[in-house]
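Student: Each chain is listed here by its residues.
4 protein chains.
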Amino acid sequence: MVKVGIIGFGYWGTNLVRNFNLASNCRVIAVADPRAERLIQLGRLYSHIKGYKESEELICSKDIDAVIIATPVSTHFELAKRALLQGKHVLLEKPMTSSVMEAEFLIDLAKQKGLLLMVDHTFLYTGAVAKMKQLKDLGDLGNIKYLDSTRINLGLFQPDINVLWDLAPHDISILNYIIDEKPHSVNATGITHTSNDIENIAYLTINYNSGFIAHFSCSWTSPVKLRTMLIGGDQKMILYNDLEPTEKVKVYDSGYNHSKDQDKKKILVDYRTGDIHVPKLNTNEALLEMANDFVSCILEGKEPKSSSKIGLEVVKILEASDKSIKHSGREVILDIQSEEIHQSSNLLTN
Amino acid sequence: MVKVGIIGFGYWGTNLVRNFNLASNCRVIAVADPRAERLIQLGRLYSHIKGYKESEELICSKDIDAVIIATPVSTHFELAKRALLQGKHVLLEKPMTSSVMEAEFLIDLAKQKGLLLMVDHTFLYTGAVAKMKQLKDLGDLGNIKYLDSTRINLGLFQPDINVLWDLAPHDISILNYIIDEKPHSVNATGITHTSNDIENIAYLTINYNSGFIAHFSCSWTSPVKLRTMLIGGDQKMILYNDLEPTEKVKVYDSGYNHSKDQDKKKILVDYRTGDIHVPKLNTNEALLEMANDFVSCILEGKEPKSSSKIGLEVVKILEASDKSIKHSGREVILDIQSEEIHQSSNLLTN
Amino acid sequence: MVKVGIIGFGYWGTNLVRNFNLASNCRVIAVADPRAERLIQLGRLYSHIKGYKESEELICSKDIDAVIIATPVSTHFELAKRALLQGKHVLLEKPMTSSVMEAEFLIDLAKQKGLLLMVDHTFLYTGAVAKMKQLKDLGDLGNIKYLDSTRINLGLFQPDINVLWDLAPHDISILNYIIDEKPHSVNATGITHTSNDIENIAYLTINYNSGFIAHFSCSWTSPVKLRTMLIGGDQKMILYNDLEPTEKVKVYDSGYNHSKDQDKKKILVDYRTGDIHVPKLNTNEALLEMANDFVSCILEGKEPKSSSKIGLEVVKILEASDKSIKHSGREVILDIQSEEIHQSSNLLTN
Amino acid sequence: MVKVGIIGFGYWGTNLVRNFNLASNCRVIAVADPRAERLIQLGRLYSHIKGYKESEELICSKDIDAVIIATPVSTHFELAKRALLQGKHVLLEKPMTSSVMEAEFLIDLAKQKGLLLMVDHTFLYTGAVAKMKQLKDLGDLGNIKYLDSTRINLGLFQPDINVLWDLAPHDISILNYIIDEKPHSVNATGITHTSNDIENIAYLTINYNSGFIAHFSCSWTSPVKLRTMLIGGDQKMILYNDLEPTEKVKVYDSGYNHSKDQDKKKILVDYRTGDIHVPKLNTNEALLEMANDFVSCILEGKEPKSSSKIGLEVVKILEASDKSIKHSGREVILDIQSEEIHQSSNLLTN
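Chains as they are written, first to last, in the working numbering: chain S, 1 to 350; chain U, 1 to 350; chain D, 1 to 350; chain W, 1 to 350.
FYI, nobody ran anything at the bench for these hints, they're computed from the structure.
Everything hinted at is true.
The list cannot tell twin chains apart, which means a pair is met if one copy fits it or any two copies do.
Using 25 Å as the maximum straight-line C-alpha spacing, the simulated DMTMM-like pairs for lysine to aspartate or glutamate come out as follows:
id: 1; residue 1: K225; residue 2: D253
id: 2; residue 1: K131; residue 2: E247
id: 3; residue 1: K131; residue 2: D180
id: 4; residue 1: K309; residue 2: D108
id: 5; residue 1: K250; residue 2: E181
id: 6; residue 1: K280; residue 2: E247
Input sequences plus hints: build the corresponding full structure.
Tutor: Spelled out as C-alpha cells, the structure:
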C-alpha cells in the first residue's frame, strides 16, 4: 500500500485525488493547498483526507510515502528536491521543471536516494498513443518521415510560462515515446500579443539527422480548438485527432516511393492511396492508468512508461526553443545544450 | 474585344481556355503547346482555335493582343519578356517568376511599354477571400494579430520547385491582399524526402514589426487534404476552410483583452466567446472573374485585383524563404532582399 | 429547505444525487435501492445519506418532503401513487408512466392532494432547447412546417420498453415544449430483431391539422451515434446537433415561398439561402437546472418547465405509437385516445 | 458502333451527351429539344451533332440505333413506346415511368421486339455501391437487418412528381440491387407545404417477411444537404455518405447477438464494437460506366446492371407509396399491386 500526499488542489489536483483514490494499492492521505477555500472544498468532498495549508508539513509527514506535485512549474524543482530529500517518491506534473539543470539535478538526486521520480505525461497512457506506438513498433508505417502537431484553442493564458511550455509537452512526450532517434536541433518562432514577454502563439520545428522532421503549432488565441497530429511513414500514415469521440486514430494505407530517372535527371515519385483503417482503442481513463503505473513502479522498482527521462527530453527541447525564439528563430543544436548539465551539481547548496 | 493566346494546354491551360471563352469582350485565338497530343485534343474540343507547336509563333502573331502563360515557372520570365517586347499584354500563372530580379524586370518592362502585366492568383477572386477582405476593411476583426495557413495533401510533387513555391503562393497572395502592413522578415524550415534537394514539407513564418505574425504549413506528403486559414483579430476571428462545400468562412465573435494587475505584476487576460456567423458567399467561378478582370483592365487601363505588385511580393517572400531554409531557418530580413533589385537592369542583355 | 429521497441508485440515480446535492434549498436525505452493492457504494460516496433497501420505508419516512423516482417505467405508477398518498411531492423520470390512464390518474391525484407532480424531461433545461424555444417565440422561424428528429446509437436494448419509449421521449418533449399546436394523429412502424416483441428500430410520424409534420427515427442498432433535429420554418430553419461540442444549434436564413402561376397551373417555388448563425448557448448543466426548478416549484407553488402536462402528452403519443405499430402503421387519431381517460378512476381501487 | 439520339438537352441531358461522347463503340448522332435556346447551345458545344425540335423526327431517324430519354417522367411512356415501335433500343432516365402498368407494358414490348430497354439508375455504377454489393455478397455483413436512407436538401421542387418519386429512386434502386428478398409491403406518410398536392416531405417504410426493414426519408425543404444510408447486418454495419469526398463507405465491425435467459424470461443482448474500415473505392465516373454498360449490352445482348427489372421494382414501390400516403399511411401489400399487371395490355390501343 502506497500512501500519497498531493500538493495543489486546483483543477488538475482534483482529478489526481479522484484517480489516486481509485488506483490499486494506494491511499490518498493528505492534500496541501495554501488557499483556505480549497481546503474547505476538500473537507466537503473527502472528509477522511487530511488538509495542509503548508506543503512543507505534507512533505515532512511520516505517514506519506510519495508526493505528487501539481503546482505551477516554477515551484516544481524546490518542492521535488525537498520531497526527495525527505525520502519520498515524487510524481511531477508536466513540464517537469523550468530548466534542464533542475531536471537533471532531480534525476541524479532520486537515483542517489533510490527513489522513484516520475513525470505525469498523461497522454502516454491513452489508448490512442498506445495504438500509435504499437503500429510504429510493428513496422507498419515503414520509415517515419515526419510528425506534425497542432494544439490550439482560445484561452487559458498562463502567467508564468509561454504557450510552448504549456501545450507542447503533451505532443513532445508523444514524439519522444514513439520515435527512438535523438533530435539534432530545434528552430522556434513565436509572438506575444500581451505586454509581457510570454509568447501566446509559437511554432517549433525539431530537426533530426535522418531527415525525420517534427513540427508543433501552439496557440492560446485560436477561435477553434484543435488537437491533431499527423505521423507520416513511407508505408502508412496516421491522423490522430484527440477531439474525435471514437475515431481518434486513422491509419491511411498511403505512401510514396521515389526513383531517379537517369536520362532526364528528374525524381519520379509514385503515390499510393489505399484503404483507411480506424482501430478500436482502449478507452480506460488515462489518468488512472498513470496513477496505477506510478504506484506499481514504486512497489516493484520498475521504470514507468512516463519516465523522468522523457520528462527531461521534453524540458531540453523547450529550453532550446526558448533560446531559438530569443535569437529570432535560429537553429539551436541540442548537443551543446546537454553540456550545461555538468554545472547542475551546485544546485544542492542553493 | 481582346484577342488572347494561351501558352500551355495542360490541366490549368484547359481551364483557362474554357473560362476565357466565357469571358466578356474576349476571344481565345490561339493556343501553343509543344506536345502533339495536346494540340490534337485542342482541335477536338475547339476546332476554331489555332494551335501552335512553337510558343514563339503565338507570341509574334499579329492577331493576338494578350498572352497568357501557363507553363512551368522556370520558363515564365523568358516567355513574358518576349511577349512584352512584342507589345502584348501578359498574364502569368502563379508564382510569377523564379526570382525577385526577374519579377521586377518584367514590371519595369511592362510599365515602360504601357502594357498590362498581371499574375493569376485565382484565390483573390473567390467569394471567400472577398468576404474576408470586406470584414477586415470594415474593421470588424479589430486589430489583426495573426494569420495561420495549412495547405497539405498527398501527391503532385513538382520536379522544379519546392512545396512552398508550389502551394504557398495561394495563401501568401491572400495575406498580401488582406493585410496592408509590409512584412519585416521570414523564417523557414523544410525537409526533402527524395534524393533531390526539393523540399516536400516546409514551414514558413513571416514576421511583422507590429507584432502581427503569419505562418504557413505546406506538404505534399499528408494523407489528408487540408486547406484551412485562421485569421485572428482582437475583436473577431475567422476560420476559412476552402474544402467546406458551403460553410467556407466562419466568423467567430471571440476575442481577448489584457490588462496589467499592478500589484501582482501579472497580465490579466479576459476572454470572450460569442456567436458564430457563417456569411453567404458569392459562388461565381473565380477563374472566370479573374479572366474578366484581366480583359477589363486591358480595355480600361485599370489596375487588376491580382496585380503584378502582389505577384512580386509573393516572389520576394518565397525567395527569402529559400534563403532561410538554406541557412537552417535563420531570420531573413526582407528589406535587404529588395536592395538586390538594382542589379536587375542587366537582365535585358541576357 | 426541501428534503428529498431518491428511489433507484443506478446510473441516472447517481447523477440525480450529485445534482440535488448541488441544488439550492435542497438536501438529499435518503436513497432507496434493493441492490446491496449499490447501498455500499452510496455509503462510500455519501456517508451522510441514509440508505434503504425498501422503497416503501423511504416513501413513508417523515423526514422527506419529496420523492424522486428513477426506476424502470413499469414501476413508476405504483411508486408515485404511494408517494402522493403519503403527501410527498413527486419527480418521475421519463417516460412518466406506462400508459395514459396511469399518467392521468397521477395528475388527478396530485391535484387533489395539492402536491407537485413533475416529470424529468432533462433536455428542456439545456441551453440548446432554450435557444430554439426563444427563436420560435420571437417569430424568427416564420410558420413552422416540420420537425425531423434522429436519435440512434448502438446498444442499451431495454428489456421492458421499446426503442420509441426509450429514446423518443427526449425529442417528443422538445416538440411539445416548442410547438403549441395539438397533434392530430400518429403513424408508427417498427421492427424487432430479437425474439421478444420489443422493437429495436422504429419510426414515428405525428400529423397536425395545420400541415405541420413531425418525424422521429429511433434505433438501438446503428453503428454510429446520431442526435440531430431539423426544425423548418418558412423564414428560417434550425439544425440542432446535440453531439456537437460547441455548435449545437445552427440557424439557417433559408426559406421558400410558393405562388400559383394561373396560366400554367403550376406552383412556382422561390428559394432563399442566406447566412448561417450559430448562437452562443447557456452551458449550465441541464440536470442541475431541472433540480432547481423542481425545488423552487415546490417552495413557490409554481408550474415547472417540464410539467406533468408535457409528461402526459409524451405518453399519449407513445401509447398511440404502440397501437399504430400493432396495426401495421395505420393512422391512430389522438382524440379517440383521450376518451379512454374516463376509465382511469377505477385505478385507485386496484 | 451504336449510334444514339438523346431526347432532352437540359441539365442531365448535357451530362448524357458528354458521357456518351466518351463511351466506347458509340457515337451521339442527334439531340432533340423543343427549346430553341437549347439547340443553339448544342450547336455551339457540338457542331457535329444534329439538333431536332421534334422528338418524333429523332425517333424516326434511320441513322439512330438507340434513343435516350431525359424528359419529365410523365412523357417517358409515350416516347419509349414510340421508340421501341420504331425498333430502337431505349434508355430511360429514372424513375422509369409514372406507373407499374406503363413499365410492364414497355418491358413486354421490348421483349417482343428483341430490343434493350434499360433504366438509368446511375448510382448502381458508383464505386461506393459496387463495394457495398461486394461486402454483402461476400457475407461480411452477416444477416442484414435494416437499411435506412436519408436524402434531403433545399430546393428543386418538381412540378409533376412528389419528393419520393424525385429522390427515392436512387436509394430504392440501391436497395433492390443489394438485397435479394422481395419486399412485402410499404407504409408511407408525407405532407405538402404548397397549394398543390405534391408532397415535399415524405417518409417511406418497406417491410419484408424476414424482418428486414428499409426506411427512406426524403425532403426538398431541408436547410442542409444529406445523402446518407445505413445498412446494418448482425456481423458488420455500413455507413454510406455520398457527400464525403473520399470516405464514402465506412464498414463498422460492430454487431449484436441476443439469447434468452430462461429463468428471468429476459432477452440478453451482447454488443460488439470494433475497428472501422474505410475501403478505397473505384472513382470512375458513374455516368460513363452506365453509358458503356448500355452500349455493350446492346452489342452483346447482355442484361445491364441497371435493368428494366430494377426500374420496374422501383416504380412498384413508388406507386404503392402513393397509395399509402393517400390512405393516411396504411400498409399497402405489394403482391396485390402486381395483380394489376394484367390490365396493361390495353395500353397499346391508347
